[in-house]
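Participant: For reference, the chains in residue letters:
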Amino acid sequence: MATPDRRQWGVWQWLDERIGLADLAKLARKKEVPVHRHSIWYYLGGMTLFLLMVQVTTGILLLLYYRPSAEEAYESVQFLMAEVQFGWLIRSIHSWAANLMIFTLFVHLFSVWLLKAYRPPRELTWLSGMGLLGLALGFGFTGYLLPWNELAYFATKVGTEITGAVPVVGSFLGRLLRGGDEVTGATLTRFYGIHVAILPALTVFLLGLHLFLVQRHGMSVPPNVEGHQAARRVMPFVPNFLLRDLVGWLSALAILAALAAYYPAELGQKADPFASAPVGIKPEWYFMFMFKTLKYLPASILGIEGEIVGVIGFGLGGLFLLLVPFLDRRTARGEPSHLFTMIGIMVIVYMIVLTYLGYTEVATQ
Amino acid sequence: MGVGGTGSLLTLGFLAVVAWPMPAEAQAPPEGCVACHLEIGDDRLVTPAKEFQEDIHAAKGFGCTACHGGDPKAAGMEAMDPAKGYIGKPGRQQVVQVCGRCHSDARFMRQYNPALRVDQVVEYRTSGHGRRLLEAGDTKVATCTSCHRAHTIRPPSDPRSSVHPLKVAETCGACHGDAKYMKGYPVPTDQLEKYRRSVHWKMMSVKGDLSAPTCNDCHGNHGAAPPGVSWVGNVCGQCHTVMAESFAKSRHAKVFAQMGSPGCATCHENHEVTEAGDEMLGLGAAAVCTRCHSSEDRGGKTAAAMREQIDTLRAEYDKAHTILQKAEHAGMEVSQAQFELNEAKNALVKARATMHAFTIEAVKREIEPGLQISAKAYERGVRALEELQFRRKGLAVSVVIILALIGGLVFKIRQLERR
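Line by line, the protein sequences are chains A and B.
Counting from 1130, one number per residue, gives the positions in the first sequence under this note's numbering.
Counting from 51, one number per residue, gives the positions in the second sequence under this note's numbering.
Possibly wrong hints are sitting among the right ones.
[To be verified] Per the computed footprint, the stretches of chain B lying under chain A, defined by three or more beta-carbons under 8 Å from a beta-carbon of chain A, are: (1) 221–228; (2) 240–249; (3) 378–386.
[What the hints assert, rightly or not] If you only want the chain B side, here are some residues facing chain A, beta carbon under 8 Å, derived: (4) R442; (5) I452; (6) I463; (7) R464; (8) L466; (9) E467.
Hints in this document: simulated from the structure, not taken from any laboratory.
For clarity, every value in this text was computed on a predicted model and none was experimentally measured.
Ideal placement from N, C-alpha and C gives every residue a C-beta, glycine not left out.
Required output: the full structure, derived from the provided sequences and hints.
Facilitator: Take a look at the structure:
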């Protein structure tokens, strides 16, 4: 870090005069991370950020070979996997890091929820985080189709069909996503555009806001810790916490490398729009609980189509999640809020059980 | 009898040719006949009336009198007045004319099924059955209603029909498999038994491929006759075109003809055509070549050489296929190589077909490209497995480096916090 010796360096001085490095160094020195029994959860956000950086890097490398058309997409990925030096590694890491990132993102979300880190003044941090979750799911949904293989094709077909169940604007949304009435090469090109341009642009904005707010408000100390611990222990962010972060990131990198070497991303068969859907098509695991819920719903609920009820339900669920900081008034007032803890636990259990059932129950067409 | 043939009844009477110079128009059932016949209490008379209700002719609007003559409007026994054209149960010779009266009339048949052929009677006259019945007066031979059971006639596409592809062998076998009935005819009676052991029947009955051949596909249906020795190859060649073409140009085609040996059937049998395998070729225990050739003669040497070529390609293909599968199971991307290897398999299939030219050169022409493709695919399999090893080693090295870095970091953190 910035030491008095270093400040004497010409480059440091030159930059300091122009962008104020000394101020940044001062800020970094000032930043502290609370130390308590729940500190472990503070690493999840950083881990998600690291995995996002892996995604950006590997994604850019994939762009060098990927060709976004129904005629060439599958072949270009096949070429990348079989012929390009380390192409398999880049694609496998991209695919695995995507899954790990969504996983750490969910863990981050629920740890923030259960530790009530969303309470004032961090409502906007929560909102921007929820926005980032939406973007991550969007990345997952659009990226899944890009290899243009059979499984991805039919999963996207089902996925975009579900948007058709959204009341009023459903069919418009479905057509907007598909770029027509069916999943075609137009959908692929559209998803590619969304995946590599629209979502990254929105991510830069929301992530910037999220990180700024985290920086501005500092790490939240859970209310139960805040109340009981008389003497608050802290550690400097730089270098103590950052070095610990690095340990986590390096471990994640080793895990990613092992996963890529032992379970490289599969490619399967090229998508054939005229073929019948393969048995047991499944969405990505993080959509499984929603997919399974829609499957369990009866055809008609109170005279309304079951799927529409399900989609409205998830819409309301999402809205509830978004508004948690504003609905949980007890936490906002500094009182214990067991209700919201219970709701959080129930949501986690629901997601785990439904996902489990999605993978263990007999595959249906 | 075949699906594409005529699933039709030849039903109108010999005498009736005089009584009804024109085919009968469809008349809506029920007629008076059915009302009495259902009540009459004698199975011989009740059954036809009952069964006919599901017959294709009833469905098309024909009644009893269309074939049996008589007066459809009369309610009692007077309906069966010979003066009104009533012929009773047509005799076996009569049946041909009864059926042919409509079924040989293109203009008439067009109204009901324009696609149906109208040459059944003409064909029948050329058949073994027809010649015996019409020229020698032998009434034991099959006539229209022997195969198309009167009163329960259905189109050949109907699985309940006696001429549905799955039922044809049974229908022909009812007579041809009955040694007692066939006594006095110079025809064996084990065809049905043999056919049931053949690959053709297996394809049809087990794999459900209704296009697989049954009796009528080789013998004809209305013109049924045994294929002559010189044209067996043409019959088999309808489906097995490549083999037949190679065979036609081969030395064997001429020699077999001179020997009076029935072409394809010389090695493959006729009714009991079993699945052909590589073991049939060469000089091994199961090889058919050894029936005439030995390791001493040129033919035997050619057979052994062709077999060796085919065996080599098969082994090379298997080797490449196995290694690619191993690579695929290990998660390597080898689909392109697997796709290309299919060509080697095609080459093997082609070599097995071209072998019927009985020359080493012809087989070699197919085998060599197959060997090259297999070698290339095998090499790609080897490369994929090498790459896999490289990945595993690379992983081990990078994990060691990462662990060292982690160790360094942990050491640094401790050092920092000890201060």
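Participant: Using 8 Å as the Cβ threshold, decide whether R442/B counts as touching chain A.
Facilitator: holds, 6 Å
Participant: Are there three or more residues in the region 240–249 of chain B whose C-beta lies within less than 8 Å of some C-beta in chain A?
Facilitator: violated (count 0)
Participant: Are there three or more residues in the region 378–386 of chain B whose C-beta lies closer than 8 Å to some C-beta of chain A?
Facilitator: holds (count 6)
Participant: Holds or violated: E467/B as interface residue toward chain A, Cβ cutoff 8 Å?
Facilitator: Since the shortest Cβ distance to chain A is 7 Å, the answer is holds.
Participant: For the region 221–228 of chain B, does the count of residues with a C-beta closer than 8 Å to a C-beta of chain A reach 3?
Facilitator: Coverage by chain A is violated for the region 221–228 of chain B (0 residues, Cβ < 8 Å).
Participant: Would you check whether L466/B satisfies its interface hint, that is, whether its CB is within less than 8 Å of any CB in chain A?
Facilitator: holds, 6 Å
Participant: Given I463/B was flagged as interface, is its beta-carbon under 8 Å from a beta-carbon of chain A?
Facilitator: OK, holds: I463/B within 8 Å of chain A, min 5 Å.
Participant: Take the shortest C-beta to C-beta distance between I452/B and chain A; is it under 8 Å?
Facilitator: holds, 4 Å
Participant: Taking the least C-beta to C-beta distance, is R464/B closer than 8 Å to chain A?
Facilitator: Hint on R464/B: violated, closest Cβ of chain A at ~10 Å, above 8 Å.
Against the hints set out earlier in the document, violations occur for numbers 1, 2 and 7.
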